[in-house]
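Enquirer: Protein sequence lines, in the order shown, are assigned to chains A and B.
Each step along the first sequence adds one to the number in the working numbering, with nothing skipped, and position 15 is 193.
Each step along the second sequence adds one to the number in the working numbering, with nothing skipped, and position 15 is 17.
The reader is advised that the hints may include incorrect statements.
Quick look at which bits of chain A chain B covers, simulated, 3 or more residues with Cβ under 8 angstroms [to be verified]:
hint : segment
1    : 235-244
2    : 300-310
3    : 335-345
Example chain A residues on the side facing chain B (calculated, C-beta under 10 angstroms, incomplete) [unchecked claim]:
hint : residue
4    : Val182
5    : Leu188
6    : Pro189
7    : His200
8    : Val288
9    : Val319
10   : Gly320
11   : Val321
12   : Ser323
13   : Arg349
14   : His363
15   : Gly364
16   : Val368
17   : Ser369
Subject to a maximum C-alpha distance of 20 angstroms in a straight line, what follows is the list of computed SDA-like cross-link-like pairs (lysine to any residue) [stated by the list, open to error]:
hint : chain 1 : residue 1 : chain 2 : residue 2
18   : A       : Lys253    : A       : Gly364
19   : B       : Lys170    : A       : Lys253
20   : A       : Lys253    : A       : Thr225
21   : B       : Lys170    : A       : Phe208
The set of hints was computed from the structure by calculation and includes no laboratory data.
Think of the CB as a built atom: it goes at the ideal place given N, C-alpha and C, for glycine as much as any other residue.
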Amino acid sequence: MRYVETVMGLPISFDIRDEGDHRPAVDEAFGELRRADSIFSTYRPDTEISRLNRAELTLDAAGDQFIEVLSLAEKFSTVSGGAFTLHDADERWDLNGIVKGWAADQAAGVLRSHGLHNFCLNAGGDVIAAGHPEPGRPWNVGVRSPESPESMIAVVALTDMSVATSGSYERGRHIVDGRTRRPAHGLTSVSVISADLTVADVLATTVYAMGEVGVGWAAERYDCAVLAVTDAGDLLDGGDVRRWLAPAA
Amino acid sequence: MKQRKWRGTTLFLSILAVLGATFGLKFYSTGSQPIATTSQSAAGTGSTSTDSSGAAPSPSPSGTSAAAPAPSPSAAASTAVQTVTGNAVQTRFGNVQVKVTFSGKTITKIDVLQVPQESGRDQEIASYSVPILQQEVLQSQSARVDSVSGATYTSDGYLQSVQSAIDKLG
Numbered sequence: 179m180r181y182v183e184t185v186m187g188l189p190i191s192f193d194i195r196d197e198g199d200h201r202p203a204v205d206e207a208f209g210e211l212r213r214a215d216s217i218f219s220t221y222r223p224d225t226e227i228s229r230l231n232r233a234e235l236t237l238d239a240a241g242d243q244f245i246e247v248l249s250l251a252e253k254f255s256t257v258s259g260g261a262f263t264l265h266d267a268d269e270r271w272d273l274n275g276i277v278k279g280w281a282a283d284q285a286a287g288v289l290r291s292h293g294l295h296n297f298c299l300n301a302g303g304d305v306i307a308a309g310h311p312e313p314g315r316p317w318n319v320g321v322r323s324p325e326s327p328e329s330m331i332a333v334v335a336l337t338d339m340s341v342a343t344s345g346s347y348e349r350g351r352h353i354v355d356g357r358t359r360r361p362a363h364g365l366t367s368v369s370v371i372s373a374d375l376t377v378a379d380v381l382a383t384t385v386y387a388m389g390e391v392g393v394g395w396a397a398e399r400y401d402c403a404v405l406a407v408t409d410a411g412d413l414l415d416g417g418d419v420r421r422w423l424a425p426a427a
Numbered sequence: 003m004k005q006r007k008w009r010g011t012t013l014f015l016s017i018l019a020v021l022g023a024t025f026g027l028k029f030y031s032t033g034s035q036p037i038a039t040t041s042q043s044a045a046g047t048g049s050t051s052t053d054s055s056g057a058a059p060s061p062s063p064s065g066t067s068a069a070a071p072a073p074s075p076s077a078a079a080s081t082a083v084q085t086v087t088g089n090a091v092q093t094r095f096g097n098v099q100v101k102v103t104f105s106g107k108t109i110t111k112i113d114v115l116q117v118p119q120e121s122g123r124d125q126e127i128a129s130y131s132v133p134i135l136q137q138e139v140l141q142s143q144s145a146r147v148d149s150v151s152g153a154t155y156t157s158d159g160y161l162q163s164v165q166s167a168i169d170k171l172g
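So here's chain B without its partners, still in its complex pose (with noise of 0.2 angstroms):
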């Protein structure tokens, strides 16, 4: 029992970092930037954690990276609806993939393109949890960000962080 009440929850948070990493991350980073329409379909790109950086879909803001934590209004595109298709994932219990629908920066649906599905208790953990994640991933959004826990900073590092830059806002 143990095991299967484990399962769901590390596949719950399996599917949160999926939608985390892809979409949420955008708005703890530069306000600026607008975000891209695009429709990656690169299966099975390996970790979660290498697809929070795959999976963005616009190149990398240089040297501006440690920007304002919080979303600032963003110039162009401030309200254009675009769909943003995710990496696939590969989770421990299978691929998990999403479409989130942003108007502006506001996140108006979220489309699971797959779960795992390879037996019913899969199943039924995906059914559960991508509601709840829907809700808690849209939930999430509105929190603003007040502090960042990390490993131990080295200063270039801190530099780098989100952390500094809400130490910067004073």
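So that you can see chain A by itself, here it is in the shape it has in the complex (with noise of 0.2 angstroms):
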């Protein structure tokens, strides 16, 4: 069964291969994204984020999912010297670069808690591949191509694992290197596999962030690997990448 919604923004895809009608499984699971959007979206007037950029809101009074993203938020922004920022351009809270794989990782775990463990989760780019599409077989996920939105660079083939990209072709280069508060430049796109889409996701943006040093600073600090792809054309890897290359089917 798949199950399409518009959340965050963004276009959220559940492909849930577990035997049975998932349906109350799968509201829980868009309710966890709801809410999470109404936690950080900084596109709307009324959630906690834009509350504390308007500064109606203290850190003090912020909940405790909020806490919990800035806190691991920070231990990124850290680890990376700066690169990875919880602040935009504007030096306005911006949480946009943990958020969805965050809320993704939440909406998994719903998944989870009603006894489904064959699904493949898709939030805006971002998937988390649990199980099996079909018994034996991975769930084979393509890496969207810099340059057409049809094409790949490579096919990946994960089982309980996850791949989140960043990339300036969609949205232009909207992610700042917190070092220097300017756009971050260098690569074009950075995919990250990991276990945990959450990491995967804030391992994407900091080494698009850091350029391509970061591919071999990911590989070698975080157990995931990295394909990245250089204004210049380039492919960079870091950690294993061929040993998540779809393989014979």
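Both chains come to you apart, so use the hints to assemble them.
Expert: Okay, here's the thing in structure tokens:
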């Protein structure tokens, strides 16, 4: 069963292969995503983050989930020497580099709590591949070419793994290098494969912000694989990308 | 040593990208588009990613480009044998160019026309990479794509994407 809805301004699809009608589980999972949006969206005026940015709310009064994500984001900001930033170019709070992955992980947790083990969750290009689409087969996830939404630079075969991609080709150079406060450059696309989508999402953003040196940096420090495309069109790999390339069907 | 290891892997991935971008991707785009025979020889047409569109031998399918991600039977030329020569693509280690023979939409043969040969090490890498690469490209051809990872979509981007087509399949 496939379910698609737009949440957080993103098309989000669940492809569930466990037997049965999973509408209740899916509704609850979409609810989790909407809840995240109601806390972290910088595009809506009524969210916690927007109220913080208007100084209508202080961190002391922020909710547990906001603090949880903030703490995680601060950790990555520290280890990346500030390349991963919690603020946009205008110094307002902006946790979009982590929220999508985190929220998708929460939604996947909801599905698992309903006993589902075989599903593929795609949150606007960030993918959680749980279990198998059919017995014995991994989920084949294409990594989009920066050049075209119809083209892949690679197909990776994943079981209980995640992949997140950051790039400039959809929304321009919106990722800020926190060290310079300027739009990051050097890479057009960064994909990170990791067991945890939150980590994959943050690392994709971080590597993008760091540029080429970020590719090896992430692979050395985290249990992940990185596939990046430079502005010049070269492919870079960090970690064991080839391990994940789609095998024979 | 680390540099050498990287070099091999990067070259491998570069070649993979050339093959994948030039040929494998046809299978994820419109199924009704016959594979045109061409012999492009524009050497050094820049980056790999530029090549992914530049090497598409036939006109891009207008309007209907967000169609089925899985190959669907092509009415014409379903079993015709055709040979497509890709653009030579510059990698950081030198040019890579391949020639692919299709039977219908199945790759039956890959000839490597150009690989970096400036040093013994390059040849070593290339001779190691290319056979594995051929295998992996042939294999990945049979892999149906279940989902697509990409930078956060705009709604327009989503509608144009393979993921949109996958989701429409239900």
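Enquirer: Next step is simple, just say for each hint if it's right about the structure.
Expert: Each hint, compared with the structure:
no., hint, verdict
1, 235-244, "violated (count 0)"
2, 300-310, "holds (count 6)"
3, 335-345, "holds (count 6)"
4, Val182, "holds (5 angstroms)"
5, Leu188, "holds (7 angstroms)"
6, Pro189, "holds (5 angstroms)"
7, His200, "violated (14 angstroms)"
8, Val288, "violated (19 angstroms)"
9, Val319, "holds (5 angstroms)"
10, Gly320, "holds (4 angstroms)"
11, Val321, "holds (5 angstroms)"
12, Ser323, "holds (5 angstroms)"
13, Arg349, "holds (6 angstroms)"
14, His363, "violated (15 angstroms)"
15, Gly364, "violated (14 angstroms)"
16, Val368, "holds (9 angstroms)"
17, Ser369, "holds (6 angstroms)"
18, Lys253(A) / Gly364(A), "violated (24 angstroms)"
19, Lys170(B) / Lys253(A), "violated (39 angstroms)"
20, Lys253(A) / Thr225(A), "violated (23 angstroms)"
21, Lys170(B) / Phe208(A), "holds (19 angstroms)"
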